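A.B. asks: The primary structure of each chain is shown beneath.
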Amino acid sequence: MYADQGAKLVKEAKKTQDILPEYNIELVRDVQREIRTLHHNTTVLLRQYDIRNSSQENPGASASIILHHQSLKRNKRCLLAYHYHRLKKIEEFCWELGHIPQELLPNLSSQETDFSTEYQSIINDYSSNFTGIDLSSSLEPPKDPYIEIRVLKDCGEIYTENGLVTLSKNSQHYLRRTDVEHLINEGYLKHIK
Amino acid sequence: MENYNENNIFNDEQEEISDVHMLMKSWINERCSPDILPYNNLVNDLLEQLEVQSEIIDSNKNENVNAAFQNMLCQQEMDRVKFILKNYLRTRLNKIEKYANYIYQNPTYYERLSDKEITYCEQYKELVDSHLLKSSLETAPAFLQNLNENNMIVKPTLDEPVFCRVKEDIGEVQIQGRQGISITINMKKNNVFMLRYKAIESFLEEGRVELL
Chain F
1 MYADQGAKLV
11 KEAKKTQDIL
21 PEYNIELVRD
31 VQREIRTLHH
41 NTTVLLRQYD
51 IRNSSQENPG
61 ASASIILHHQ
71 SLKRNKRCLL
81 AYHYHRLKKI
91 EEFCWELGHI
101 PQELLPNLSS
111 QETDFSTEYQ
121 SIINDYSSNF
131 TGIDLSSSLE
141 PPKDPYIEIR
151 VLKDCGEIYT
161 ENGLVTLSKN
171 SQHYLRRTDV
181 EHLINEGYLK
191 HIK
Chain L
1 MENYNENNIF
11 NDEQEEISDV
21 HMLMKSWINE
31 RCSPDILPYN
41 NLVNDLLEQL
51 EVQSEIIDSN
61 KNENVNAAFQ
71 NMLCQQEMDR
81 VKFILKNYLR
91 TRLNKIEKYA
101 NYIYQNPTYY
111 ERLSDKEITY
121 CEQYKELVDS
131 HLLKSSLETA
141 PAFLQNLNEN
151 NMIVKPTLDE
161 PVFCRVKEDI
171 GEVQIQGRQG
181 ISITINMKKN
191 NVFMLRYKAI
201 ESFLEEGRVE
211 LL
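Just so you know, the protein sequences line up as chains F and L, in that order.
Numbers 1 to 193, taken from the working numbering, label the letters of the first sequence in order.
Numbers 1 to 212, taken from the working numbering, label the letters of the second sequence in order.
Just chain L, with the same shape it has in the complex:
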């Protein structure tokens, strides 16, 4: 019985490592990209695993010195995972707030957000719009009251330069440069490039590059 238990814990940890690793990648990509990336559904799995882990810690809390030491290490690791989760979610919220109007007008963006993020985005947009209207433009003539003029909507700058590492051989790729000049680069595994985000957007989606 004891053996079985240990194995179980061990398996759980193994799984957690890979999940945490995946989340870390999503987190780094999210932080480095100017655009909002698709939501990583691992968040909820990880939260459940954290819960399980903290129950394990609680259950062998008073066993012996070794267990106490092990618990502290676990606790620290859990704090780190929580930090990444929190930072991942907050980074996304930050972008959602910034681009709320743009997201609202482009339903394709909804697919990248979680249901909760969609609610957040809609509530936030409504709140900000109504505040701005009430406090600044309520008495202004109607033609000035539009808050969604084209030049007022903040869009993600897809031309922003990003660093990326190639994860698998992609081969020759045409990159649009300045003033319509295009250049060809050879993207080999483990190469690092600095390119416009737009140029590697599709590769990032397919998981063939990662941002740095």
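Chain F extracted, bound-state conformation:
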């Protein structure tokens, strides 16, 4: 009661800053339920005592109402913080990979999955205005136009400026960085320094 569960949610978000853990639907539901109970209690109290006119006469009741109200607001804050924190993580994935990694999909709530698809389409809308550059590629400054890469997983043939290149497992190539960057991000290739 009184925003304990909400605090747990926020703590969970804080502990798992670098990963995207499973969506804690039960805790979220608990907090939502608590909000309804608190709200119910407040309305009952308000009906019982006419606080606005006689807060002096019933200091206990008015204190109780204030406490309930503050807990309500705190719960709201915790819920939003938890969800917003997760959104930011999802956004990161959308930029880096263009989608949520397969193994993380079960960790998302259905609304979050919807969010990721829609967010992706907003990004695509925006990026389509700049055809010459790949907005989602790495934010590291480029050092060499060509890099040496090793293939970790088969990824078939890709088009480069010199024609088709077959990337079969364990082979090594010297290619344009921009041609293969997205494959490195996805973990198909490894950049050999």
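Note that these hints are calculated values from the structure, not bench results.
Everything numeric in this text was worked out from a predicted model, so none of it was measured.
We put the beta carbon where it would ideally sit given N, CA and C, even for glycine.
Some hints here could point you the wrong way.
[Unchecked claim] Sample of chain L residues facing chain F (criterion: CB under 7 Å; computed from the structure):
{"no.": "1", "residue": "LEU47"}
{"no.": "2", "residue": "LYS82"}
{"no.": "3", "residue": "PHE83"}
{"no.": "4", "residue": "LEU85"}
{"no.": "5", "residue": "LYS116"}
{"no.": "6", "residue": "TYR120"}
{"no.": "7", "residue": "GLN123"}
{"no.": "8", "residue": "SER135"}
{"no.": "9", "residue": "ALA140"}
{"no.": "10", "residue": "PRO141"}
With chain F's structure known, arrange chain L on it following the hints.
C.D. replies: Same frame as chain F, but now just chain L:
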């Protein structure tokens, strides 16, 4: 004919250098400032120039060894320009996402964004709001469902300290310090100061200082 062509390429490059330089300044300013700065319209010009440049590279691709070497240098330079463009746009998107609610409520900010950024901002705000409402507050009482309370809106911190270099003599300037104490500083060309962003905001707009 050959001569004319070379001159043409040369001119193009000259122009590109200055444009790239300007974009670089905007990019650095954007990255160093806590606020969103006006959009630099050079982005589209530069994209066109990049296109032209890559056509040039394609056309003399198989000529000789010298051309190949020159192409590689060009290619590298183009990658760098693309990187700056990308980083510039992404930095702005980052700020737009962060301050989406604030921008939405302050139409003056719209003037600083490009049309595409305005669309992005509006779509993004709508998407986040509807997600937060659906997943957290749908069952809550109506008075809790407001997502635009004053204390919920993230604003740019204009009090943030920034480093800046003075580009031309400005003279004596009154700077508001802590607890209402104001001090006077003499801003001469090439001086470097660390000041609150708010204090140099107008100079930055006029291009009289640059951020570091």
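A.B. asks: Each hint needs a verdict: does it hold in this structure or not?
C.D. replies: Hints versus structure:
1. LEU47: Hint holds; L/LEU47 Cβ to chain F Cβ min 5 Å, cut 7 Å.
2. LYS82: 5 Å, holds
3. PHE83: 5 Å, holds
4. LEU85: This hint holds: L/LEU85 lies near chain F, its Cβ roughly 6 Å from the closest one there, short of 7 Å.
5. LYS116: Holds. Min distance 5 Å.
6. TYR120: 5 Å, holds
7. GLN123: Holds. Min distance 5 Å.
8. SER135: 5 Å, holds
9. ALA140: 5 Å, holds
10. PRO141: Nearest chain F Cβ about 5 Å off; hint holds.
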